[in-house]
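Build out the structure end to end from the sequences listed, making use of the hints.
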Amino acid sequence: MEIQFSSLSEFLTMGGSYTFHIWSVYLLFAVFISYNLLQPRLARRQFIREQKRRATRDAELAAKDAGRTQS
Amino acid sequence: MWLWFSKLGSPRWFYELSSKWLPWLYAAMIVLMGIGLVWALLFVPEDYQQGQTIRIMYVHVPVASISLACFPLMAVAGTITLVWKMKLADMVAKSVAPIGAWFTGLALASGAIWGDQIWGTWWAWDARLTSLLIQFFLFIGVIALRSAIESPDNAAKACAVLAIVGAINVPIIKYSVEWWNTLHQPASNFSMDPVAPNPPEVWVPLVIMISAVYVFFVIALILRTRNEILQRERRAQWVIDLVAREQRV
Chain A
1 MEIQFSSLSE FLTMGGSYTF HIWSVYLLFA VFISYNLLQP RLARRQFIRE QKRRATRDAE
61 LAAKDAGRTQ S
Chain B
1 MWLWFSKLGS PRWFYELSSK WLPWLYAAMI VLMGIGLVWA LLFVPEDYQQ GQTIRIMYVH
61 VPVASISLAC FPLMAVAGTI TLVWKMKLAD MVAKSVAPIG AWFTGLALAS GAIWGDQIWG
121 TWWAWDARLT SLLIQFFLFI GVIALRSAIE SPDNAAKACA VLAIVGAINV PIIKYSVEWW
181 NTLHQPASNF SMDPVAPNPP EVWVPLVIMI SAVYVFFVIA LILRTRNEIL QRERRAQWVI
241 DLVAREQRV
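So the sequence lines, in the order shown, correspond to chains A and B. Just so we're aligned: the first sequence equals residues 1 to 71 in this note's numbering. Just so we're aligned: the second sequence equals residues 1 to 249 in this note's numbering.
Hints in this document: simulated from the structure, not taken from any laboratory. The structure presented is a predicted model; accordingly, all values stated were derived computationally and were not measured. Cβ atoms here follow ideal geometry from the backbone N, Cα and C, with glycine treated the same way. Treat the hints loosely; a few may be bogus.
[Claimed, not checked] Chain B residues, not near chain A, derived (Cβ > 12 angstroms throughout): (1) W13; (2) L42; (3) A69; (4) L82; (5) G111; (6) W123; (7) V165; (8) I172; (9) S176; (10) E178; (11) H184; (12) M209; (13) F217.
[What the hints assert, rightly or not] Derived list of chain B stretches under chain A, where covered just means 3 residues or more per stretch with a C-beta under 8 angstroms from a C-beta of chain A: (14) 47-53; (15) 56-67; (16) 114-122; (17) 225-237.
Below, the structure is given as structure tokens:
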């Protein structure tokens, strides 16, 4: 088993004939992997942020209610 | 067995268990994908017919074969939803649909790019390509159906039925290359013989890439299912506590 390319530029051009085809497939693959790992993380963060906001708002409302019943 | 089954149906139990699995799955994915990509991009010898474009296979074949696993998984989850009304099964069914659409989309795109080189055309209305395109639209259909029905219970049932009916397409995709005379080549046989057309130096990295993409699929599915669990259980005390514990947002 040995490296199939004799130079870095030969590797980067994939031998020259189909540079665009090969690298575009690997680029799409990279986009596919990163999107499907990052999107759920961002969605989760968004969810936590929303729930925190809701919890604060609920607490404020409860405090206001308590104040009203006392006075 | 039944205890295990009913526990697995509990979203909270799944959420906590999957937290322990995720680091291991990430590690396995990084190792397998690292080896697989370096091997596929640097060490695999040129194909005698396809030259360097053989390297496209190491993305196309794993993605396409796992895209075929998504639909049956959705159908099984749909069946469990219909028969046992297990909440977790519907969450999995909902989470797998967009992932399946991504897998099928990338299989079609990478296949088109590869086809442009080996067939001289991006697209052909050939049995394999057409049936895979139908699977792509079925995934889009399932996603659209779920968002179109307001009641979550009805949406779950409708999507389960569509997933079960749509699963009939999977054997058609799988065997299309054998039943019909297609432009798409049939699957190759693996051989241990070093001078065979498919020696181990060609298929071992493929097996590594398939495993890597499988682990990736499991991670993506777990991540989405966990979000779905949090969303649906957001009024449960354990989720409220979890949100309160979360520091950096």
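How the hints compare with the structure:
no., hint, result
1, W13, "19 angstroms, holds"
2, L42, "5 angstroms, violated"
3, A69, "15 angstroms, holds"
4, L82, "26 angstroms, holds"
5, G111, "9 angstroms, violated"
6, W123, "15 angstroms, holds"
7, V165, "26 angstroms, holds"
8, I172, "25 angstroms, holds"
9, S176, "22 angstroms, holds"
10, E178, "26 angstroms, holds"
11, H184, "16 angstroms, holds"
12, M209, "10 angstroms, violated"
13, F217, "9 angstroms, violated"
14, 47-53, "holds (count 3)"
15, 56-67, "holds (count 4)"
16, 114-122, "holds (count 3)"
17, 225-237, "holds (count 5)"
Hints 2, 5, 12, 13, counting from the list given before, are not met by this structure.
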